[in-house]
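Residue numbers (full-length UniProt numbering), protein chains in the order written: chain Y, 1 to 387; chain D, 1 to 167.
No wet-lab data here; the hints were simulated from the structure. The C-beta atom is built at its ideal place from N, Cα and C for all residues, glycine as well. Mixed in with the good hints there might be a few duds.
Result set (EDC-like, lysine to aspartate or glutamate): computed pairs, CA atoms no more than 16 Å apart in a straight line [unchecked claim]:
#	chain 1	residue 1	chain 2	residue 2
1	D	LYS119	Y	GLU57
2	Y	LYS37	D	ASP142
3	Y	LYS37	D	GLU150
4	Y	LYS37	D	GLU131
Non-contacting residues of chain Y with respect to chain D, defined by C-beta distances greater than 12 Å in every case (computed) [what the hints assert, rightly or not]:
#	residue
5	TYR137
6	SER138
7	THR141
8	ASP237
9	ASP289
10	GLU361
11	ARG363
Example chain D residues on the side facing chain Y (calculated, C-beta under 10 Å, incomplete) [stated by the list, open to error]:
#	residue
12	LEU103
13	LYS119
14	MET121
15	ARG134
16	GLN140
17	ALA158
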Amino acid sequence: MATEEDSSSSNLPNDIVQVILSRLPVKPLLRFKTVSKSWNTMISDIAFIRMHLQQSEHSDTHNRFLHTHRLVNPRSLDKHISFVDRYMLGNPRNREIVFSLARVESRKFQYEEKLEYPRGWEDVLCTCQGVTLLSNYSYETYMLWNPSTRTESMFSFPYKFDQKYKNRFESYPVKYGLCHDPTIDDFKVVITSEQMDSGMDSDSGIFVDGAIYWVGMIDGYYRYNREIIYFDPRDDDFKILQKPPKNVKESEEFSLICLRGCLCLYYYSITSDYTMDDTMDGIVDDTMDTYKIWIKEKGRDKNSWNKLMTIENVEPTTVWFTPLCLLENNTILIRLDTRLVVYSPCTKTFEEFDEENPLSEVRLFPCLQSLLSPLENFRPKRNRLRT
Amino acid sequence: MVTTDEKGPLTAKKKSVIIRSCDGDEFLVSESAAVLSTSLKKILEEKEDRLIHLSDIDNKTLAMVIAYLSTHADDGLSDDLKRSFDQEFVSGKEFDVLKYLVLATDTLQVTCLCYTVAKKMADIMKNKLVEWVRREFDIQNDYTPEAEAEIRRLDAWAWDDRQLEDD
Numbered sequence: 001m002a003t004e005e006d007s008s009s010s011n012l013p014n015d016i017v018q019v020i021l022s023r024l025p026v027k028p029l030l031r032f033k034t035v036s037k038s039w040n041t042m043i044s045d046i047a048f049i050r051m052h053l054q055q056s057e058h059s060d061t062h063n064r065f066l067h068t069h070r071l072v073n074p075r076s077l078d079k080h081i082s083f084v085d086r087y088m089l090g091n092p093r094n095r096e097i098v099f100s101l102a103r104v105e106s107r108k109f110q111y112e113e114k115l116e117y118p119r120g121w122e123d124v125l126c127t128c129q130g131v132t133l134l135s136n137y138s139y140e141t142y143m144l145w146n147p148s149t150r151t152e153s154m155f156s157f158p159y160k161f162d163q164k165y166k167n168r169f170e171s172y173p174v175k176y177g178l179c180h181d182p183t184i185d186d187f188k189v190v191i192t193s194e195q196m197d198s199g200m201d202s203d204s205g206i207f208v209d210g211a212i213y214w215v216g217m218i219d220g221y222y223r224y225n226r227e228i229i230y231f232d233p234r235d236d237d238f239k240i241l242q243k244p245p246k247n248v249k250e251s252e253e254f255s256l257i258c259l260r261g262c263l264c265l266y267y268y269s270i271t272s273d274y275t276m277d278d279t280m281d282g283i284v285d286d287t288m289d290t291y292k293i294w295i296k297e298k299g300r301d302k303n304s305w306n307k308l309m310t311i312e313n314v315e316p317t318t319v320w321f322t323p324l325c326l327l328e329n330n331t332i333l334i335r336l337d338t339r340l341v342v343y344s345p346c347t348k349t350f351e352e353f354d355e356e357n358p359l360s361e362v363r364l365f366p367c368l369q370s371l372l373s374p375l376e377n378f379r380p381k382r383n384r385l386r387t
Numbered sequence: 001m002v003t004t005d006e007k008g009p010l011t012a013k014k015k016s017v018i019i020r021s022c023d024g025d026e027f028l029v030s031e032s033a034a035v036l037s038t039s040l041k042k043i044l045e046e047k048e049d050r051l052i053h054l055s056d057i058d059n060k061t062l063a064m065v066i067a068y069l070s071t072h073a074d075d076g077l078s079d080d081l082k083r084s085f086d087q088e089f090v091s092g093k094e095f096d097v098l099k100y101l102v103l104a105t106d107t108l109q110v111t112c113l114c115y116t117v118a119k120k121m122a123d124i125m126k127n128k129l130v131e132w133v134r135r136e137f138d139i140q141n142d143y144t145p146e147a148e149a150e151i152r153r154l155d156a157w158a159w160d161d162r163q164l165e166d167d
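So here's chain D without its partners, still in its complex pose (with noise of 0.2 Å):
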């Protein structure tokens, strides 16, 4: 049976998981960084596998989210520093590269990681126009134009920025 933290950070460390992703790349990942993920800690509480395959999460995304793992699993840096490792994470990152993160972060239920995304989300989204948006969340526009200018008419103050972005 495996357990978690408890042991210590010495039998914490020795221990590893094996997580292959969608596209059949694996990690190796320490067992304190995976059970960061409460997804990660209940498998590893099952059934003592070493291989976990996540079937909906690539590789380019499950690197970032392990990377975010151990670093949160490191005991020896301090929560300041993990602070700005997370601002770091998500800066400069495209809004898809964010989308795909965001769905890892929920399938794999890492909470903090999901809400540090969210926010940096919601901080790209909001100079933007409704077209941007729909086209980001692959939404059909389903009112008619009539419909959406008395929408809009409701709140006209919150449409007078100049400096909305389409890109």
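Same shape as in the complex, but just chain Y (with noise of 0.2 Å):
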């Protein structure tokens, strides 16, 4: 007869079978839930889904992304109405955003499932550590989705938007970030009317070692200045964090990016790194774009900025250029407006990425491996941003 003991630990000790687990995509996880009752306490306990978490942010698996691709029904293609009325203001009946998990392998995405679900969901406002925070058409109702887990929970304003703050593309965007804050063991949405902005193209703030950040706005005494905003959930309180020194040549505008578990902040440079001799080879066309990543030393109290790499040779006609992930060799996947390209800086030359699905239409959110549940329970607690 098997003791208690012998039934519920295997010839490997706790700890290891820990350290392996945690090495698991989610899916075969809520599988091996039915390994065992003290399987399914082990991978159901916060300890182990923080360990796990740990592990998808620091290994390969963290360049997995949430892949939304906006299906406009043909119907709806009316000649008399402009771009923007169709694409953002349009009757939701006539899009449908369909979701899919990609990982980047072998210079190409290779596609998880599609996903079913959600339905009726209208942006992907921003993600923190596996979940993804979805509103509905009109921004009044939310919902926190764990596509790994494929658990959600749905919650509404708690507050009445003013009217002119509640069509976000007739005044100063909201602005939107999400956090895990390990206290209280929940998610902390983060709304804020005022004028902030993440970025060319993102209202979403960027989850970094604990804290959200966001580009924002300062009113100087002559002009606006832009800053890096963030949130910290552990005293609730929005602080300003030091840029990284610039160029006086430099351009004004920045973005924020997380890459590798770091924060990183890029920006289009008129100067470049490159010298004489490199024009002169033809390594460098000084008619090309040259933008520049900084990326700051890990932890949140912590702002020292390196500069992480000069991307030169860009095309200037680009509009859209957002880094994605690093990848191996010292190389990066960025994006150019619809298309997908991996940037070597010894070469300082691009290289296509899985030309066959062009993006249009394709928005790209970093999404981690994650078992972190959205809990069910939100309480609505206001705060202001002082600056």
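Build the complex: two chains, separate frames, hints provided.
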């Protein structure tokens, strides 16, 4: 007769089993809850969930994206409706977002299965540790959704919006942020209606190291200054983070992104680091654009910045420049408008990535393998941004 | 008193330790390789013992760990080469062999190898049936059929894989 000890433990000690299981994707982990009661308890335990998340953040699986593709109902393609009307303000029944998960693997997107759910959600606002904040078309109902576990919880905006903020296309955009606060083991959703700007194309705060970061416009003596503003869930307050040192010739505008678990800042740069020799050798074409990426030291309370990469030879016609993730051999995956390219800083050249699937009407959001479940109970609390 | 690498590769290389497996085989290992294991390092720091007996690691597993330690102690190899060695090291190994390896890395406290092996084990496991996992981890199913079906129902979508393997 097996003793209780025998039936609940394997021949490997529990801590090693946890090390092994923490390296599994979410899907098999959900299946392995049926291995035994003790495995179910272990996989559902918050300590294991955090350990697993930490693995997701530091392994190759962090190159995983939630891929959203907006389908337009062909009947809605009325020539008299402008582009903006059709895509932004049109009848919600005429558009549909299809979600899928895609991993970056051997220079291609490897699509995991298409996600049937969720339907009727209009906008992906931001992500944090594998959990996504979605909203409906009126921005009154929201959903926290973990595509890895396919769990979700819905909530409504707890306060009456000022009319002028109600439609974000008519006034200063409302900005969003999502963070997971380990002290309460719950998510905090941050919604701001101030003049915050987190980049060229997105209103969403970047979650890194337990805080949410945006690019914010701070009222200075003569004009608005762009600053990095962050929300610290430890004291529920907004603070300003020091920016990396900048050359006067460099653009005032910048964007934020999370690369390899660190906060990064990138901007268009008028000056480049190339030397005369490079130009003469034809390595760098000076009619092309240059972008610079800085990386912040890990840790919420650290703010030393280092240069991560300079990206040269970018076509000046590029409107949408977004770094997506760092790849092997010090290369980087970048979105240039509707193309994906892999840039190598050694050769200063671009290589096409997954040419068969162009990115028109596609948005990509980082999506970690995560067991974190959005909890059901929301306790709304209002905070003001003080600047 | 034996110290670690600060004496430089020359003196470190000269010194060596004998490690004996549970089945009695002895391996001559350079000290610079041995100290990559936190437990061996501690033993060497505590006493000037040149012969270390490991009562719970068999010779096959110990030989593999020592091959790993020696490669990682080689200053002549670049980090890239060491990384590709790691990949090569775990590739093609049976799950059973990896189990002994991961236990040995735990005893010897060789963290990087432990993680490499754990990753490989996870890669093998991810497409396996629950029954396979129970067999390999020697776990008794303590659910009633109804309770198991209930857990399964909660995440029904995770079970639609057609290619789950049982070997």
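Against the structure, test the hints numbered earlier, and report the numbers of the ones violated in rising order. Those not satisfied: there are none.
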